[in-house]
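What follows is the residue order along each chain.
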Amino acid sequence: MSFAVGIDLGTTNSVVAAVRDGIATPLADPQGFRLIPSVVSFPRSGAVLVGRAAIERRVDDPGQTVYSVKRLIGRPWGTPEVQRVRGTFPFDLREAPGGGVGVSVHGNTYTLPEISAFVLRQCKAVAEAALGGPVLRAVVTVPANFNDLQRSATKTAASLAGLEVLRILNEPTAAALAHGPSGKARERIAIYDFGGGTFDITILEIADGVLEVLATAGDTQLGGDDIDAAVAERMAEDIFRKHKVDARADTRIFDRLRVMAEKLKRELSTRSEVEVTGDGFSGDRGALARWAFRMTRQELEQTSLAIVDRTFSVCRQAVDAAKLQLTGVDRIVLVGGSTRMPLVARRVEQSFGRRPVARIHPELIVALGASIQASLLDDEQPLAIPTIDADCLDVEPQDIEVLAAPPPPPPRPKPPLPPTSRAPHAEPARPDPGSRAPRAEQALPPASSRAPGAQEPSVPRRPPAAAVAPPPPEVAPVLIDVTPLSLNVETAGGFCSLLIEANTPIPCECTRTFTTGNDGQSTVCVRVAQGPSSRFADNTCLGELELSGIEPAPRGTAQIAVTFEIDADGIMNVCAKDIKSGRQKAARVQIVGTPADAKAIEAMHARQHAHPIADLSVQPPR
Amino acid sequence: MFESLETQSYYELLGVATDAQADRIKASYVKLAAACHPDAYRRSSPEHRAAAAAVFKRIVEAYRVLSSADLRTRYGRALSRGKLRIDPLARDSAPPTLRTLETLAVTPSAKQFARAADRLIGEGKLKEAKMQVMLALNCDRDNAQLEERLTMLKETMSLMGQ
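From first to last, the protein sequence lines stand for chains P and L. Going from the first sequence to our numbering is simple: count from 1 and add 1017. Going from the second sequence to our numbering is simple: count from 1 and add 5.
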């Protein structure tokens, strides 16, 4: 028997979870740790180190230890986001074949999906050790505002790791799924997700057990890392005052300061004052003597207030798009490690006029939601509404130190209760199987008397489920997600023609008719972009769609119908049809920043196979 | 057993009266969207899932139009002319023109070469087309967009082993 899992592939940490006996549970490595640092280190020889084994090497072997790739995955090399941060990493970023970002280690250039694949392989290994069987399928989460390129790159990473992707799921949607229905007829929920590298806000409405995303907004360059960097700056100022050494000019020292700053920040979530010492760390410009730094929670809050408050302008964008006020939200769910800072919870309460809930552990909730979706989508699992492991419930943000969690106790015998009786959020009364058919019948588009035309898309007279025997014993909650970004094509003069608006439920599609600009023209190209701007250049160009073999005709008379689909993973598919000839055209989309050809993918697979990852048992105890 | 999507108005698809209130439309949409989302048919055949997806997409389209007062008014006019669907985002009726190499070229002589290249690409003669693009670039120095297209053409050729 093989298993399906949910994976929260994070900027700083990743978490893998699975539904066992109807209960969603985060999976721990043999030492009992549930957070897997998204860090990959390449020693000169031997197995690749991933996770906790790699994190110390950020300090000892910075040039060969790669982290935070999620900030850059799926971004073309030439984009400002990449160029701005490339110098801030101690490892060697360079352009990969195909125009994406690569990391050069020991003379090999790895694309970022390959780096993420190592992290996913570690997640897979942790899950296989915990579940005792092969893990072959996964729901992998991405920030809601990831574009097509970033989603595709994440999907590539999963396939390199040997996982079939059941769904690329938006992180806030996963969090909402973990929270489950409230039992109220209609509730508006804000998912405030402040992680290591990204911030996302999603406004959801749950009505009659159906989850609808009203709006999403986010900033892919705003996270706890920025707070760490701001604290590290203060440390560097302190070092300069005391030792006249500019630590900011030395990436090795500054990176070490960032690691220390992160630790300091974490400790200040539970304490009011913390002192850290760096002894004798050496950088490119010589060694630094022992140095102590003291910070109070109040000082930390002053340093991070401006960063935290940037999240609220993003929140306002989202509530505007949902046609709401900040105070019109019924429930606020905190997600992500950065929400464990008391300042964040306080500012959220002040802005929304309501106390946020942190009923499920904010660093585990996304993986738990993903595992629920995985179990609902996975054919091999029985249909049931999973519930959340009690260990992850009813936590105060500052009460838990996940990394210090003791190894889990031996599995407790599960009481043979039906899931609903254990469920903290029991599914509202479901119709019994007998009442299912009429409900399905009612759900049908009303029949019309006309016979279907041969060319027309046709739909079953009844919803497909009703026609399939035997009917499923239970209908799992369906998640209706949306596409986060508008999809556009380039028009004359560098402007955009809008194809699919942001926040449209997915899957969705749009068909547009294009024509030629020249007499006898047989090839046309369309550039496609995602983003909110009406100027093409301000959006993210996804690639160029080439339609060839058009029947030569006077300009403006050829008609090519192009259908752009955004599938349930939020990934774009395109097909084109010559209306006159009725012929389906081979629409080739050259996606920028990703290797388009099979050869490059094969090489990526080969590199994965060439590198075993270190055995879980050799992970160092903390 | 199949019913065409193309014969139903948005009101018929959502199963609501043409004068239905917004609440009623939304409730019907929520129910239908849940029932027709392809995930609800994940254990069914691919044909069933594809059919469900087609219905789902159309239901979303119907709701998108009927949930907006402006679009609903516009749709009312279209319906009275016998049109069952409208494109809520299409602002003008003229279909967008596509970018050809010719439109990217600036000088008249470059345009001439680029037009030849457009034709050759259409005929699948990539090698000849490449020559024409290079000639066009010779007339249009520093035309970054033409350069980009030349690179793409070369990549395509190398992929095809030419």
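I should point out that these hints are in silico values taken from the structure, not numbers from a laboratory. Nothing here was measured: the structure is a model prediction, and the numbers come from that model. You may find that some hints are simply not true.
Unchecked claim - Below, simulated DSSO-like cross-link-like pairs (lysine-lysine); rule was C-alpha separation at most 27 angstroms, straight line:
(1) Lys159/L to Lys132/L
(2) Lys1259/P to Lys1280/P
(3) Lys36/L to Lys1340/P
(4) Lys1616/P to Lys135/L
(5) Lys1597/P to Lys88/L
(6) Lys1594/P to Lys159/L
(7) Lys132/L to Lys1616/P
(8) Lys1261/P to Lys1280/P
(9) Lys1616/P to Lys130/L
(10) Lys135/L to Lys116/L
(11) Lys31/L to Lys116/L
(12) Lys116/L to Lys132/L
(13) Lys130/L to Lys1594/P
(14) Lys116/L to Lys88/L
(15) Lys1340/P to Lys135/L
(16) Lys36/L to Lys1616/P
(17) Lys116/L to Lys159/L
(18) Lys1594/P to Lys88/L
(19) Lys130/L to Lys1597/P
(20) Lys88/L to Lys36/L
(21) Lys1616/P to Lys1172/P
Okay, the hints, checked on the actual structure:
{"no.": "1", "hint": "Lys159/L to Lys132/L", "result": "holds, 9 angstroms"}
{"no.": "2", "hint": "Lys1259/P to Lys1280/P", "result": "holds, 22 angstroms"}
{"no.": "3", "hint": "Lys36/L to Lys1340/P", "result": "holds, 22 angstroms"}
{"no.": "4", "hint": "Lys1616/P to Lys135/L", "result": "holds, 24 angstroms"}
{"no.": "5", "hint": "Lys1597/P to Lys88/L", "result": "holds, 21 angstroms"}
{"no.": "6", "hint": "Lys1594/P to Lys159/L", "result": "holds, 26 angstroms"}
{"no.": "7", "hint": "Lys132/L to Lys1616/P", "result": "holds, 22 angstroms"}
{"no.": "8", "hint": "Lys1261/P to Lys1280/P", "result": "holds, 24 angstroms"}
{"no.": "9", "hint": "Lys1616/P to Lys130/L", "result": "holds, 24 angstroms"}
{"no.": "10", "hint": "Lys135/L to Lys116/L", "result": "holds, 14 angstroms"}
{"no.": "11", "hint": "Lys31/L to Lys116/L", "result": "violated, 53 angstroms"}
{"no.": "12", "hint": "Lys116/L to Lys132/L", "result": "holds, 18 angstroms"}
{"no.": "13", "hint": "Lys130/L to Lys1594/P", "result": "holds, 22 angstroms"}
{"no.": "14", "hint": "Lys116/L to Lys88/L", "result": "violated, 41 angstroms"}
{"no.": "15", "hint": "Lys1340/P to Lys135/L", "result": "violated, 52 angstroms"}
{"no.": "16", "hint": "Lys36/L to Lys1616/P", "result": "violated, 46 angstroms"}
{"no.": "17", "hint": "Lys116/L to Lys159/L", "result": "holds, 20 angstroms"}
{"no.": "18", "hint": "Lys1594/P to Lys88/L", "result": "holds, 22 angstroms"}
{"no.": "19", "hint": "Lys130/L to Lys1597/P", "result": "holds, 24 angstroms"}
{"no.": "20", "hint": "Lys88/L to Lys36/L", "result": "holds, 26 angstroms"}
{"no.": "21", "hint": "Lys1616/P to Lys1172/P", "result": "holds, 18 angstroms"}
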